[in-house]
Amino acid sequence: MKFHRKVEPAAGGERSTAGLLQERFMRDPYNSGRGMAQESGKATSSRPFIRALPSAMAIVPVSMLFGVLAHRADWSMLEVLVVSVLGFTGSGQFAVLPLAEANAGFLTMLIICASINSRYLPIALTTTTRLPRRWWVRICAAHLLGDEAYATEKDGDTTKDTLIIRLTIFLFWVSAAVLGALMGKLIPGEWLSTDIHLGFPASVVLIYLSVSQIKRRVAGGYRLLPLMVAACLLVVGAFHQWLGATFFWMPSVIMTAILLEQWKKHE
Amino acid sequence: MNSSSIITAIAALCLTSLLVRVLPVICDFQFSPRLLRWMETTLPIAVFLNFIVYLVLQEAQIALGPALVALVITATLAYLNLGGLFVGMLGGCVSYYLLTAW
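The listed protein sequences derive, respectively, from chains A and B.
Positions 1351 to 1617 (this note's numbering) are the ones given, in order, by the first sequence.
Positions 1093 to 1194 (this note's numbering) are the ones given, in order, by the second sequence.
Check before you lean on any hint, since a few could be wrong.
Claimed, not checked - Calculated pairs, SDA-like style, for lysine to any residue (alpha carbon to alpha carbon, straight line, at most 25 Å):
(1) Lys1565(A) <-> Leu1609(A)
(2) Lys1614(A) <-> Val1117(B)
(3) Lys1535(A) <-> Leu1419(A)
(4) Lys1535(A) <-> Gly1455(A)
(5) Lys1510(A) <-> Thr1479(A)
(6) Lys1504(A) <-> Gln1122(B)
(7) Lys1615(A) <-> Leu1127(B)
(8) Lys1614(A) <-> Glu1132(B)
(9) Lys1504(A) <-> Leu1110(B)
(10) Lys1504(A) <-> Asn1173(B)
(11) Lys1565(A) <-> Ile1165(B)
(12) Lys1615(A) <-> Ser1124(B)
(13) Lys1565(A) <-> Phe1178(B)
(14) Lys1535(A) <-> Ser1096(B)
(15) Lys1565(A) <-> Leu1471(A)
(16) Lys1504(A) <-> Met1600(A)
(17) Lys1510(A) <-> Phe1121(B)
(18) Lys1510(A) <-> Val1117(B)
(19) Lys1565(A) <-> Phe1121(B)
(20) Lys1504(A) <-> Trp1130(B)
Treat the hints as calculated values from the structure; they're not laboratory data.
Please build the complete structure, drawing on both the sequences and the hints.
Okay, structure coming up:
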């Protein structure tokens, strides 16, 4: 991936900034706007929005599915809206649906949700420098952190960029959940096929962003890269197999980080 | 379903968010420069590697063959940076849904 592509002048000077951004984004979603801020001040707010757009669109089917399922489980539109705003976590939201239906206790729900979302602990720690200083904006920005936003953000992002990325994905998520609940209300149950896996686009986007991020972050830093990646993937796979999809996150992330550190040291 | 269990669920999710996302950010942890650098460079790579394994294994449980083919196509497009995110997403999704339909 060419991350420090030289900025070429627009042919004839007639192409719009948006067109340039779009073209550059299609080539390189991460650094599509690097250097653009100097070219045009107006571009700075649209750049992170455009970067976040594919991820935001990819999570729409997942969130709509949540809305439909919540409606089927007798959640009102307002409850779907509130849970999407206050409990903004994809997997956590899906997990509480059957738990609420079974009248599970608060502590049970909390332990399960915290276990599923424990990956956010290290993620949140690594993004603190990008967040606003004012405490209440900082809290809101921290709450808006999601997997897709984390994978879209990059180290050089400003606070404003970070907020735009997180807010874009968050608003798409909340709107799609409410729309899903509305669809669940309007569409007969038998019309909704359960054979189509609506969550796949979100997985595809996360895989794409993860591979791009890893490629960018390991560039020049490690030797025997394929071997190192294979070793890490094996370790993660072993933890996943051993502790299961809910509880493997924290130990696995820490062990992988230690392995990466040791690998670098031995080089 | 009674609405108190829904309110309980919302409260549990909200508290989860406070614990795992907000707390690490508002607490003024004094990390050493070495640990800070480790958190900014090595830790994200570890997180993304975990994402990949988690997603592949989760999707493989639903449709092993189509998921593996589609995710390998996506990963290859991402690695080679062919066409950007839209093309990567399109390649992965089209191949997956065609293979599952077939």
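Consistency of the hints with the structure:
Of the supplied pair hints, the one linking Lys1565(A) and Leu1609(A) holds, its CA atoms being roughly 17 Å apart against a limit of 25 Å. Taking the CA atoms of Lys1614(A) and Val1117(B), the gap is near 28 Å; set against the 25 Å cutoff, the hint is violated. For the suggested pair Lys1535(A) and Leu1419(A), the alpha carbons sit about 11 Å apart, so the restraint of at most 25 Å is met. A hinted pair counts as satisfied when its Cα atoms are at most 25 Å apart, and Lys1535(A) with Gly1455(A) does not qualify at roughly 28 Å.
For the hint pairing Lys1510(A) with Thr1479(A), the CA-to-CA distance comes to about 12 Å; that is within 25 Å, so the pair holds. A threshold of 25 Å between alpha carbons decides the hint, and for Lys1504(A) with Gln1122(B) the separation of about 23 Å falls inside it, so the pair holds. A distance of roughly 15 Å separates the Cα atoms of Lys1615(A) and Leu1127(B); the hinted pair therefore holds under the 25 Å criterion. For the proposed pair Lys1614(A) and Glu1132(B), the alpha carbon gap of about 15 Å is at most 25 Å, so the pair holds.
A threshold of 25 Å between alpha carbons decides the hint, and for Lys1504(A) with Leu1110(B) the separation of about 23 Å falls inside it, so the pair holds. Note on Lys1504(A) and Asn1173(B): the hinted pairing holds, with a Cα-Cα distance of about 17 Å set against a maximum of 25 Å. Straight-line distance between C-alpha atoms of Lys1565(A) and Ile1165(B) comes to about 16 Å, which keeps the hinted pair within the 25 Å bound. Distance check on the hinted pair: Lys1615(A) and Ser1124(B) sit about 19 Å apart at the alpha-carbon level, within 25 Å; holds.
Note on Lys1565(A) and Phe1178(B): the hinted pairing holds, with a Cα-Cα distance of about 18 Å set against a maximum of 25 Å. Restraint check for Lys1535(A) and Ser1096(B): the C-alpha separation of about 22 Å stays at or below 25 Å, so the hint holds. A C-alpha spacing of about 23 Å is found between Lys1565(A) and Leu1471(A), which places the hinted pair at or below 25 Å, so the restraint holds. A threshold of 25 Å between alpha carbons decides the hint, and for Lys1504(A) with Met1600(A) the separation of about 22 Å falls inside it, so the pair holds.
Note on Lys1510(A) and Phe1121(B): the hinted pairing holds, with a Cα-Cα distance of about 23 Å set against a maximum of 25 Å. Pair hint Lys1510(A) plus Val1117(B) holds up; C-alpha atoms about 17 Å apart against a cutoff of 25 Å. In summary, the hint linking Lys1565(A) to Phe1121(B) is not supported, as the alpha carbons are separated by about 29 Å, beyond the 25 Å threshold. Note on Lys1504(A) and Trp1130(B): the hinted pairing holds, with a Cα-Cα distance of about 16 Å set against a maximum of 25 Å.
In this structure, the earlier hints numbered 2, 4 and 19 are contradicted, and the remaining ones agree with it.
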